[in-house]
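**Q** The listed protein sequences derive, respectively, from chains A and B. Per my numbering, the very first residue in the first sequence carries number 106; after that it's consecutive. Per my numbering, the very first residue in the second sequence carries number 106; after that it's consecutive.
One or more hints might be untrue.
In this list, chains with the same sequence are indistinguishable; a pair is considered to hold if it fits within one copy or across any two.
[What the hints assert, rightly or not] Straight-line alpha carbon distances no greater than 25 angstroms define the calculated PhoX-like cross-link-like pairs of lysine-lysine that follow:
1. Lys334 x Lys165
2. Lys218 x Lys331
3. Lys409 x Lys210
4. Lys222 x Lys188
5. Lys222 x Lys355
6. Lys409 x Lys188
7. Lys355 x Lys331
8. Lys218 x Lys343
9. Lys304 x Lys165
10. Lys218 x Lys188
11. Lys210 x Lys334
12. Lys331 x Lys210
13. Lys188 x Lys210
14. Lys331 x Lys409
15. Lys355 x Lys334
16. Lys169 x Lys222
17. Lys218 x Lys165
18. Lys188 x Lys165
Calculated directly from the structure, the hints in this document are not laboratory data.
Protein chains: 2
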Amino acid sequence: MCVVHSTNEDLALETADAYQAYRRDLVAAGLLIPLGVRGVYGRGADFERVIERFDALVSKEGGKLAPEVMRFPPIFSRANYEKIDHINNFPDLMGSLHTFTGGEKEHRAMLEKFQQKDDWSRDLSASQVMMTPAICYPLYPTATGTLPEGGRRVDLQGYAFRHEPSDDPARMQIFRMHEFVRLGTPDQALEHRNFWLEKGVEVFRSVGLPVEPVVANDPFFGRGGKVQKAIQREQNLKYEFVIPICSTEKPTAIGSSNYHLDHFGVAFDIRTHDGEVAHSACVGFGLERIALALFKTHGFDLAKWPGEVRDVLGIH
Amino acid sequence: MCVVHSTNEDLALETADAYQAYRRDLVAAGLLIPLGVRGVYGRGADFERVIERFDALVSKEGGKLAPEVMRFPPIFSRANYEKIDHINNFPDLMGSLHTFTGGEKEHRAMLEKFQQKDDWSRDLSASQVMMTPAICYPLYPTATGTLPEGGRRVDLQGYAFRHEPSDDPARMQIFRMHEFVRLGTPDQALEHRNFWLEKGVEVFRSVGLPVEPVVANDPFFGRGGKVQKAIQREQNLKYEFVIPICSTEKPTAIGSSNYHLDHFGVAFDIRTHDGEVAHSACVGFGLERIALALFKTHGFDLAKWPGEVRDVLGIH
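With the hints as constraints, model all of the structure from the sequences given.
**A** Right, dumping it as structure tokens:
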């Protein structure tokens with residue numbers, strides 16, 4: 106049901122129709138469970154099973170390089186959030202956690218607003234945590250100091266949050282990423298980025314997803330964002346693995362491989378063994394989007410997926 | 106290193122010391138990774154492995170009753186949050202997600218506050234989502250309508266958030282629960298609660314955790330909360346599985362089995378097959394607390410855990 110477009114003016118409308126259609130099919134099949142907010146879903150048993158199996162596949166591939174394994178929760182420190190430029194570049198995507206810190210009197214006042222359907226959220230205060238926008242962000246503040254000789258490799262998996270309500274089933278507000286991060290010299294970071302550009306294509310092709318690597322195009326905010334976008338394209342730092350899910354003209358990024366230069370090394374004072382500012386790179390696999398691409402490509406019935414794909418994933 | 110207390114006045118201080126000591130040991134062993142906020146941690150490889158293995162064990166035990174399997178993310182609909190009384194009973198534990206919805210001008214104003222270290226969070230707006238306080242809450246709104254004959258059983262696993270910054274490593278702000286929910290008649294719900302009271306003790310004992318079931322004691326907010334606490338105790342609806350982690354006098358709940366009466370049936374208009382308001386019950390296994398209890402009981406070196414415990418968990 107992916108659509109091919111002839112004129113630009115029809116593109117937006119046809120794409121929106123294609124989103125709605127695939128979303129409806131996914132819900133009808135019990136793969137996604139609508140939760141009343143655009144881009145927020147429960148996951149059905151088969152959807153989760155595909156995520157688990159693909160996750161195990163990339164764990165195995167990445168495990169060959171013997172990374173440390175760490176898992177971070179969906180929230181991280183507000184103080185560290187304030188050091189990574191996200192408030193400048195992607196303020197509209199942030200998730201800031203607020204809570205109630207008052208006493209009985211303030212509670213009664215808030216409940217009165219609640220009962221009168223006024224905005225009771227104004228009575229809350231910012232907590233010390235933010236939603237994690239990318240699952241490697243919590244790692245860098247823990248790496249402050251000097252890296253061991255040879256740098257570090259870390260295997261991460263967890264939830265990322267981005268506030269971008271959408272009807273596109275592939276644009277969820279909360280989703281899991283499996284990432285492999287490299288901390289070390291510029292050469293080590295760049296080699297990691299390039300290694301995973303090739304390895305990523307190979308892994309995706311092994312499950313029947315013929316992705317193309319393209320230069321990334323992140324949604325930087327506002328007029329300043331246009332400059333950031335141009336810089337990102339020009340420097341060729343980040344590549345995305347794209348494949349059509351709902352639209353061939355607007356293919357979806359289901360992973361990316363990104364060289365951060367010394368961005369996190371500077372922000373969190375991470376040094377290489379010989380005292381230079383550390384560089385970093387990470388590859389990220391977007392697990393929900395990968396599941397959506399697999400179901401789109403191979404159909405909703407796991408038993409009818411190609412034998413070689415089921416073998417690679419261990420779905421029997 | 107668990108402490109035994111002789112006088113009440115020493116209890117708080119000794120317990121606090123015991124929390125700090127166990128927390129320090131866990132961090133030194135790489136099992137927990139401090140993230141700069143009390144009660145928010147990364148998880149090391151062995152910690153995560155124990156969680157995965159215990160999770161697989163309860164999946165297998167619960168799977169014998171052939172539940173539907175669903176997975177919900179750490180956020181759910183604000184509109185549904187407003188229907189479950191949490192704002193009345195536990196406002197201090199809530200997590201409300203706020204984001205930036207302004208344009209360029211408002212962004213510049215927020216950034217100015219940010220640069221001057223003023224409270225920029227006041228420039229955010231409440232989004233349509235809240236953190237999930239208990240992993241079964243997102244389920245009930247999806248069950249509005251009439252249940253199939255025999256009701257439903259659902260297997261859930263995911264993150265819950267509770268804003269309660271603490272030095273007790275077992276009191277995390279974000280943690281995973283594995284739950285089994287029953288929706289149906291009062292008899293079916295009560296039978297589920299009681300079945301899991303016994304089965305839970307059996308599962309915990311099989312991994313060397315001699316838990317005791319006790320009537321639960323939830324931290325309802327404020328003066329009204331005292332009444333709620335008394336009602337909860339009197340009705341004997343919710344039991345917790347407790348075991349000493351840091352303190353024998355203040356044992357920790359690592360799971361619970363809870364009969365909700367018709368609370369969620371009324372809130373979300375869930376009906377049994379013959380048209381009555383549905384009752385519900387759920388058992389919850391607190392995965393991080395269980396891992397902490399296992400490491401406390403059997404030590405930090407998985408290879409030295411008792412052979413029968415490793416067999417049951419599949420740790421080899």
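**Q** Need the list of violated hint numbers for this structure, in ascending order.
**A** Checked against the structure, the hints that fail are numbers 1, 3, 5, 6, 8, 14, 16, 17, 18, while the rest are satisfied.
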